[in-house]
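There are 2 protein chains.
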Amino acid sequence: MTQPTCPTAVASRCAQCVLRRHPPLHGLHSTHKDTHTQAKLKNVHSVLAYEYAWMHGCTRKLGMKICALFPLTLPSHFLDLLPAKNGEEPTIQFLLEVVEILTNYIKKTFDRSTKVLDFHHPHQLLEGMEGFNLELSDQPESLEQILVDCRDTLKYGIRTGHPRFFNQLSSGLDIIGLAGEWLTSTANTNMFTYEIAPVFVLMEQLTLKKMREMIGWPGGEGDGLFSPGGAISNMYSVMMARYKYFPEVKTKGMSAAPRLVLFTSEHSHYSIKKAGAALGFGTDNVILLSTDERGRVIPADLEAKIIAAKQKGYVPLFVNATAGSTVYGAFDPINEIADICEKYNLWLHVDGAWGGGLLMSRKHRHKLNGVERANSVTWNPHKMMGVPLQCSAILVREKGILAGCNSMCAGYLFQPDKQYDVTYDTGDKAIQCGRHVDIFKFWLMWKAKGTIGFEQHIDKCLDLSQYLYNKIKNREGFQMVFDGVPQHTNVCFWYIPPSLRGMPDSNEWREKLHRVAPKIKAMMMESGTTMVGYQPQGNKVNFFRMVVSNAAATQSDIDFLIDEIERMGQDL
Amino acid sequence: MTQPTCPTAVASRCAQCVLRRHPPLHGLHSTHKDTHTQAKLKNVHSVLAYEYAWMHGCTRKLGMKICALFPLTLPSHFLDLLPAKNGEEPTIQFLLEVVEILTNYIKKTFDRSTKVLDFHHPHQLLEGMEGFNLELSDQPESLEQILVDCRDTLKYGIRTGHPRFFNQLSSGLDIIGLAGEWLTSTANTNMFTYEIAPVFVLMEQLTLKKMREMIGWPGGEGDGLFSPGGAISNMYSVMMARYKYFPEVKTKGMSAAPRLVLFTSEHSHYSIKKAGAALGFGTDNVILLSTDERGRVIPADLEAKIIAAKQKGYVPLFVNATAGSTVYGAFDPINEIADICEKYNLWLHVDGAWGGGLLMSRKHRHKLNGVERANSVTWNPHKMMGVPLQCSAILVREKGILAGCNSMCAGYLFQPDKQYDVTYDTGDKAIQCGRHVDIFKFWLMWKAKGTIGFEQHIDKCLDLSQYLYNKIKNREGFQMVFDGVPQHTNVCFWYIPPSLRGMPDSNEWREKLHRVAPKIKAMMMESGTTMVGYQPQGNKVNFFRMVVSNAAATQSDIDFLIDEIERMGQDL
Chain Z
1 MTQPTCPTAV ASRCAQCVLR RHPPLHGLHS THKDTHTQAK LKNVHSVLAY EYAWMHGCTR
61 KLGMKICALF PLTLPSHFLD LLPAKNGEEP TIQFLLEVVE ILTNYIKKTF DRSTKVLDFH
121 HPHQLLEGME GFNLELSDQP ESLEQILVDC RDTLKYGIRT GHPRFFNQLS SGLDIIGLAG
181 EWLTSTANTN MFTYEIAPVF VLMEQLTLKK MREMIGWPGG EGDGLFSPGG AISNMYSVMM
241 ARYKYFPEVK TKGMSAAPRL VLFTSEHSHY SIKKAGAALG FGTDNVILLS TDERGRVIPA
301 DLEAKIIAAK QKGYVPLFVN ATAGSTVYGA FDPINEIADI CEKYNLWLHV DGAWGGGLLM
361 SRKHRHKLNG VERANSVTWN PHKMMGVPLQ CSAILVREKG ILAGCNSMCA GYLFQPDKQY
421 DVTYDTGDKA IQCGRHVDIF KFWLMWKAKG TIGFEQHIDK CLDLSQYLYN KIKNREGFQM
481 VFDGVPQHTN VCFWYIPPSL RGMPDSNEWR EKLHRVAPKI KAMMMESGTT MVGYQPQGNK
541 VNFFRMVVSN AAATQSDIDF LIDEIERMGQ DL
Chain C
1 MTQPTCPTAV ASRCAQCVLR RHPPLHGLHS THKDTHTQAK LKNVHSVLAY EYAWMHGCTR
61 KLGMKICALF PLTLPSHFLD LLPAKNGEEP TIQFLLEVVE ILTNYIKKTF DRSTKVLDFH
121 HPHQLLEGME GFNLELSDQP ESLEQILVDC RDTLKYGIRT GHPRFFNQLS SGLDIIGLAG
181 EWLTSTANTN MFTYEIAPVF VLMEQLTLKK MREMIGWPGG EGDGLFSPGG AISNMYSVMM
241 ARYKYFPEVK TKGMSAAPRL VLFTSEHSHY SIKKAGAALG FGTDNVILLS TDERGRVIPA
301 DLEAKIIAAK QKGYVPLFVN ATAGSTVYGA FDPINEIADI CEKYNLWLHV DGAWGGGLLM
361 SRKHRHKLNG VERANSVTWN PHKMMGVPLQ CSAILVREKG ILAGCNSMCA GYLFQPDKQY
421 DVTYDTGDKA IQCGRHVDIF KFWLMWKAKG TIGFEQHIDK CLDLSQYLYN KIKNREGFQM
481 VFDGVPQHTN VCFWYIPPSL RGMPDSNEWR EKLHRVAPKI KAMMMESGTT MVGYQPQGNK
541 VNFFRMVVSN AAATQSDIDF LIDEIERMGQ DL
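So the sequence lines, in the order shown, correspond to chains Z and C. Taking my numbering, the leading residue of the first sequence gets 1, the next gets one more, and so forth. Taking my numbering, the leading residue of the second sequence gets 1, the next gets one more, and so forth.
What the hints contain is simulated information worked out from the structure, not anything from laboratory work. Worth double-checking, as some hints may not be accurate.
Put simply, identical chains are the same to the list, so a pair is met inside one copy or across any two.
Derived lysine-lysine pairs resembling PhoX-like cross-links, with alpha carbons at most 20 Å apart [as the list claims (entries may be wrong)]:
#: 1; residue 1: Lys115; residue 2: Lys155
#: 2; residue 1: Lys399; residue 2: Lys209
#: 3; residue 1: Lys210; residue 2: Lys399
#: 4; residue 1: Lys252; residue 2: Lys471
#: 5; residue 1: Lys418; residue 2: Lys540
#: 6; residue 1: Lys108; residue 2: Lys85
#: 7; residue 1: Lys252; residue 2: Lys305
#: 8; residue 1: Lys460; residue 2: Lys85
#: 9; residue 1: Lys512; residue 2: Lys418
#: 10; residue 1: Lys310; residue 2: Lys252
#: 11; residue 1: Lys343; residue 2: Lys244
#: 12; residue 1: Lys107; residue 2: Lys155
#: 13; residue 1: Lys399; residue 2: Lys244
For reference, chain Z alone in the conformation it holds in the complex (with noise of 0.2 Å):
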């Protein structure tokens, strides 16, 4: 059956319309516009909606389906939801309504003719687009506008799963982790207690332990904990590197310890500052290391700067190797930090955030070597795994000092005298006290993919890396910002216009060559066909990193992004 477009433009507005997603009318929307009360409206489509159910019975379109073959009597108000009497059904019918909403944004998600975004600066969306208004009211209002916001919300938000999406580390869309978090979000728990959170605790335990196998931990022996994202995991690493060698600190604090100082390279994320200023150590005593011209940390400068610290009084407390940095995706060179960290008795912390995931692939595990010498990895499932958003675990080698570090062991919540074997109660090992449940989205997805299914995955994107460097690195107008092939599936290059090729360097092309990524992504974003990250690194000015995470993504994307950039950028 052929399907008429709609000969009107008030079909596309229409509430009864949008909400019911009918297939077109057949001309019939030019009545709406004479009779446009609501009323009259669900009349006319309840009818239709039914008629059409029954002539396309055995329609193989699934999310017609759904709506086309209800009463399509939509609760009006959300007093008519559960819990109230008689809720059940219009719960039902709303949230099936809301899923027909969703399961229509993921196929176009994956659908390359459907743009990635659909720009509006800030002040636009604040004015109000057509029929979506931010502003929050007294009064509530209708199911159907709740209905027009989420359809909208998602209008104007950016397509993550989209496979032309690489701006972030985290992308993708995983049907199985979706389908998690919709589970999760319907048990509604917290992680702090066996007591409400069982199967969640039970499969976060396991979950981590496999992972400590998998960083080499004899027997997967230690401990951890799912946190809110990298930033979270890689401050607890510091904590209870302090905790380790100066558990006074907890009770006592700062002052009961030396000028702690701690090691991180010059490319890691920005995060062990920021542990570093909170935690009451100061961002001066977070000391940064030189790389090489890869990214890596060059052992040496380590030894030479702990040396400096100690005839300096200082305390050498903490070094963190970064195994996959985020702009570089360069992995330091973990063995010969841990030699250096075995020779002074320092705290070695992994940040895998971002790299972890390659411990799950045979091929690339090996660029972490000696990770299962270090005393803590920080390790985002939702990163390179594609794990939907938020899923951040902080694993440590030593038993008990997780919970020594930060337990309270308030009366309220861990109490002693429950029948059940209380040290399943994790929650006071952290520093949270509700916790979100972020493991069983990634249990999940480990059932259904099993290890090697992470591990196709992870190849299949260092693959596709492989072939956008072995694409750009000696084509005309590209410059790689470092030599040789990507250790992870960062790919940093630069664009070079034709205005701007073959002339001498000098800091007026460089300020230009600066502006060239910034123009090209603006473009991008307006006309919404790709995404893709930039930033300056140190001396060298706005190149692009491209990151590839997304299980969506082929060959074909990637030649798309190179086409898009020399489009928007030749004239540049």
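Assemble the complex: chain Z is given as a structure, and chain C must be docked to it using the hints.
Showing chain C alone in chain Z's frame:
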């Protein structure tokens, strides 16, 4: 049409039956026993499902209809799903199967004949329940097994939305909020920049402004963030106080400041102590304030302790006033505390994680009188306002301090040369990098209910608590922990079994009473009928703490709780 029950045990165990949620299949399950191969069953069931669908096309059992009307070719493997070629239909089919599991769960959760939980000890779940194995493996599972896993995860979990779940400050399952979470996870983005979360960033700004208006800060001016829970929100408040008075700590560490002390009630939440430990103050420098018999801070004690600290040469920095304490639901006298803070130039934080919601109620907001004088406020909509977990705001009166305290200006995220107004890139204010989208569900609920909807919910919960209080205050066998009408929904009481009534107070008697609440709680969990918290407090032995935040709870549920306690406790 009557629904014949399933004639064989096989029916309920057959994956095909379970997945398709057939109505009982007219005795056909006996055949399954004999021909129990997946392939054959799949065939039989597909045919049956089709027949059933046509037969019952007009039934109003919506959930059943979805399933019954599809061709029921469930995808077999995660590789069938998007982004697979032709993955659209299997994806929708799979998600609808998940939604059916979830909507069935929701319906049962609100049904009082369903148990709140089906209790199992950790070792039982770890050993594996029939068909439910928590272990992860190298190989993928079929999607049918994934659906079984989803169902079992819910089966062995806790129904926190059940009308008789009173165990935590967060309870209930708001359908609009749930829809909001489903959308949030489908959008799968991150709050750090306007670039990738334009709508959510603006919703957060508008909602925080609205909350600041309700606090009473002129024009709703100030700043804020949604954080991963009240403990982190409280931690922010301490960090901001430190930055306000000793900004050099950010770069130089705690050694740049004198010995700083924090003040908080002995009844306050343990997160203030956790913050003291984490941020380098030390728990010894978190001074606990004495309270009256209702658990409210005694202002004179605060002033005396400030003076004593100063005499020792310490520097008082920060006072936390609790608006709604965790156990008693007490509201500290904010105005009197604010007077003292002004006199001694201290940062005043109000921890309204639990009680902040009362600001929405014209009847109850007076309990927070003086909150407009606070420098910062924690307010968790995921508690009293019934927003799904997690949703916690830290609000601050002074603009700029949150950014001053936390910003590190990471070049790869917060480029100054973007095409839009980058003051909307709010991520650098946070101690997190990636930050989960906690705003949408709350914004959507506010849209759907209006301020007056929240007000009605809060007034109703407080009425219910007063109903409970009135019922038990003079009831035989019940003894209140403190006298007078509760300030919040917390009602604290002992149940005294007949065997302990009318006896003189003694250590032995108190030891016996101490064991009563845990025993009744264990019975509740094992029978699964209801859940309510208990704990000791100071020198008071274990007592029940009843709280109401669940919109589904009614007087009959309160009656039920009292009956259950009496029934379970009568022979102790």
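Hints, one by one, checked against the model:
no., hint, result
1, Lys115 - Lys155, "within (10 Å within a copy, 40 Å between copies)"
2, Lys399 - Lys209, "within (12 Å within a copy, 44 Å between copies)"
3, Lys210 - Lys399, "within (15 Å within a copy, 45 Å between copies)"
4, Lys252 - Lys471, "neither (58 Å within a copy, 47 Å between copies)"
5, Lys418 - Lys540, "between (59 Å within a copy, 18 Å between copies)"
6, Lys108 - Lys85, "between (37 Å within a copy, 14 Å between copies)"
7, Lys252 - Lys305, "between (28 Å within a copy, 18 Å between copies)"
8, Lys460 - Lys85, "between (52 Å within a copy, 16 Å between copies)"
9, Lys512 - Lys418, "between (68 Å within a copy, 16 Å between copies)"
10, Lys310 - Lys252, "between (24 Å within a copy, 17 Å between copies)"
11, Lys343 - Lys244, "within (17 Å within a copy, 40 Å between copies)"
12, Lys107 - Lys155, "within (13 Å within a copy, 30 Å between copies)"
13, Lys399 - Lys244, "within (11 Å within a copy, 37 Å between copies)"
Checked against the numbered hints above, the structure breaks only hint 4 and satisfies the rest.
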